[in-house]
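Here the protein sequences come in this chain order: A and B. So in the working numbering, spot 210 of the first sequence is number 659, and the numbers just go up one at a time. So in the working numbering, spot 152 of the second sequence is number 297, and the numbers just go up one at a time.
Since the hints were derived computationally from the structure, they do not count as laboratory data. Nothing here was measured: the structure is a model prediction, and the numbers come from that model. By construction, the Cβ of each residue, glycine as well, lies at the ideal position given by its N, Cα and C atoms. Treat each hint with caution, since some may be false.
Across the chosen pairs, the derived CB separations fall in these ranges [claimed, not checked]:
| no. | chain 1 | residue 1 | chain 2 | residue 2 | range |
| --- | --- | --- | --- | --- | --- |
| 1 | B | F369 | A | A597 | 44 to 54 Å |
| 2 | B | T329 | A | R612 | 29 to 39 Å |
| 3 | A | L624 | B | D340 | 43 to 53 Å |
| 4 | B | L314 | A | I452 | 58 to 68 Å |
| 5 | B | L225 | A | Q616 | 53 to 63 Å |
| 6 | A | V628 | B | G338 | 33 to 43 Å |
Covered stretches of chain B (in silico footprint by chain A; criterion: 3 or more residues with CB under 8 Å from a CB of chain A, positions within the stretch not fixed) [what the hints assert, rightly or not]:
| no. | segment |
| --- | --- |
| 7 | 245-258 |
| 8 | 263-269 |
| 9 | 427-433 |
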Amino acid sequence: MVIFGVLRSGLYALAAVGLALSVGVIGIVNFAHGEFLMLGAFLGYWLYASYGVDPLAAIPFGAAAIFVLGGAIYRGAIQRVLRAPELNQMLLTFGISIFLQNLAVILWTGDPRVATVPYKATAVSIGGFTVGLPQLIVFVIAMTLTLALYAVLGRTRIGKAMRAVAQNRLGAALLGIEVERVYLLAFGISTALAATAGMMITLQLSVSPYIGLLYTLKAFAIIVIAGLGNINGVIYASLVLGLSEAFVEFYVPHGGGWAEGVFFLLILLVLIVRPRGLFR
Amino acid sequence: MTAGRGISLAVALILAVAFPFWANEAQPYYLQIAINIIIFAVLALSWDILARTGQLSLAHAAFYGLGAYTSALLTLRAGLAVIPAMLAGALLAAIVAAGLGVLTLRLRGIYFAIATLAFSETLRVTTNQLQFTGAATGLVAPPLLGGQRVVQYLAILTVLVLVVLVSWLVNRSRLYFAFTAIRTNEDVAATMGVDVVRYKVFAFVVSAFFAGITGAYYAHVFLFISPIEAYSLAVSVGALVAPIFGGLYTTAGPVIGAVALRLVEEFLRSAIRSGYLIIYGLILAVVILYMPSGLAGVWATMRGRRRV
Chain A
450 MVIFGVLRSG LYALAAVGLA LSVGVIGIVN FAHGEFLMLG AFLGYWLYAS YGVDPLAAIP
510 FGAAAIFVLG GAIYRGAIQR VLRAPELNQM LLTFGISIFL QNLAVILWTG DPRVATVPYK
570 ATAVSIGGFT VGLPQLIVFV IAMTLTLALY AVLGRTRIGK AMRAVAQNRL GAALLGIEVE
630 RVYLLAFGIS TALAATAGMM ITLQLSVSPY IGLLYTLKAF AIIVIAGLGN INGVIYASLV
690 LGLSEAFVEF YVPHGGGWAE GVFFLLILLV LIVRPRGLFR
Chain B
146 MTAGRGISLA VALILAVAFP FWANEAQPYY LQIAINIIIF AVLALSWDIL ARTGQLSLAH
206 AAFYGLGAYT SALLTLRAGL AVIPAMLAGA LLAAIVAAGL GVLTLRLRGI YFAIATLAFS
266 ETLRVTTNQL QFTGAATGLV APPLLGGQRV VQYLAILTVL VLVVLVSWLV NRSRLYFAFT
326 AIRTNEDVAA TMGVDVVRYK VFAFVVSAFF AGITGAYYAH VFLFISPIEA YSLAVSVGAL
386 VAPIFGGLYT TAGPVIGAVA LRLVEEFLRS AIRSGYLIIY GLILAVVILY MPSGLAGVWA
446 TMRGRRRV
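Here chain A stands alone, though its shape is the one from the complex (with noise of 0.2 Å):
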């Protein structure tokens, strides 16, 4: 259970590490980033069923496509809103998040897809204990690009332009260091990461254009557990939530169905008890 709960959390902290990077360094939190992550998803299943493309050799260019799209909504409307109140920002992603799925239920219908690669249904055992593959390396991906953004923004010049715009954007403009354009980039690899993690699922799960708001939901809860805005609590944060789920489908009885529940009971304990995060 503690395997199957911690696999799962890579992939949920892939999916989360963007959205928080859009909070923590634009300031805007998205409620279209699971559509970019559907996106990616149908974009990996797409390539899949149509040329055969394994939807992982296919990241590179799923992840490039949804950054120039990422890029573009930045450009076109969540730029103007910087400045507006917060209430104004959330409406305009949550009207991006509902034009996105409906366009998708226009452009390729409601009914579920699922890619059948060759490999998944392999498992391999480590140590003694038995793993599905395709969870596997969805797990060792999933991880590594958390970490390598971890890295990024630790260590790069980009990086630490980013984080400097996220503490104060007057000053980092004073320094020197072209806001605008930080903000753009910051945006686009958020939802690239999303689209990532959403041609991945098309490996385990099937896809839908309604999957995007139960991970924007899912990550919520991630970035909230963590604290809003605090990147590096994020991967804690999806171990507790995989971690969870994982007990209530194992312990509690038809817990597949409860387990869906389980985030929102995080989110609500966490505001309430520790508004700030676990993880601060």
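Given chain A's structure and the hints, the job is docking chain B onto it.
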């Protein structure tokens, strides 16, 4: 209120009351659409009452669903008559809102929105799991007032008139100043002696009561409810897009927004069948970007220009 506005309101009301008697003869489908529009208008206006305190709720569907399920279950499992059951549904929604409000209304902006959205989704999951509530299959509810469409229409029209009255009173009383102060700057309002949480909880309870009674009405008029419909995100989304489109924090704005949106939706539904919600997303984005005060703002600017 000026005399001119009073007269036009009275005419509108008379037309609205006379409408079903004509529609029932001419084209019963119009009656159905009118009922849908009024349901939507009640939801939009009741959502707006909470929004006046600066809180964006994504839980309107939760109270709508709670009202629907409570009322349906009370009539089916406890043998209660339909109207008392509907009132009980609305009351339960209000009580739950009070509880949720005390817990979550200390949270601001984004935190509150997330908490309410998650609350709504969790109710859906729970209802989907429990056998008692009919699980995913849903419930069949007994009809309101013997299933007569004209009387049913007048019933929901009464609810609309009530919520319009409440909204009008809120905007005419001391509450208006309290709500506006809280929305503009919560800390200043608190310093000035406004009991912020109490006003917010009050607004939340009123808002949830009307959502609850509308949900209950829906159950007994369309006779079937399921978790996916009763707790649908479309309800929450519609309830917030209509006021934003029509004009926030007013009484007329949400109602006009609801009527306009529902007519567009009705048209789109027959044109593209699935995914017609796309219009809500589009309108939301366009309104936020280009006309932040909604239709009411556009109207006010146009009138202002004409005068100058």
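Are there three or more residues in the segment 427-433 of chain B whose C-beta lies closer than 8 Å to some C-beta of chain A?
It holds: at least three residues are needed, and the segment 427-433 of chain B offers 5 whose Cβ sits within less than 8 Å of chain A.
Does the hinted range 44 to 54 Å hold for F369(B) and A597(A) at CB?
At 51 Å between Cβs, range holds.
Coverage of the segment 263-269 of chain B by chain A (three or more Cβ within 8 Å)
holds (count 4)
L624(A) versus D340(B) beta-carbon gap, inside 43 to 53 Å or not
Once the Cβ atoms are compared, 44 Å apart, the range 43 to 53 Å for D340(B) and L624(A) holds.
Proximity test - 8 Å, beta-carbon atoms, the segment 245-258 of chain B to chain A, at least three hits:
holds (count 7)
Is the gap between the beta carbons of T329(B) and R612(A) within 29 to 39 Å?
holds, 33 Å
Range hint 53 to 63 Å: satisfied by the CB atoms of L225(B) and Q616(A)?
holds, 59 Å
Look at the Cβ atoms of V628(A) and G338(B) and judge whether their distance stays inside 33 to 43 Å.
Holds, at about 40 Å.
Assessment of proposed distance window 58 to 68 Å (beta carbons of L314(B), I452(A))
Once the Cβ atoms are compared, 59 Å apart, the range 58 to 68 Å for I452(A) and L314(B) holds.
Every hint from the earlier list agrees with this structure, and none is contradicted.
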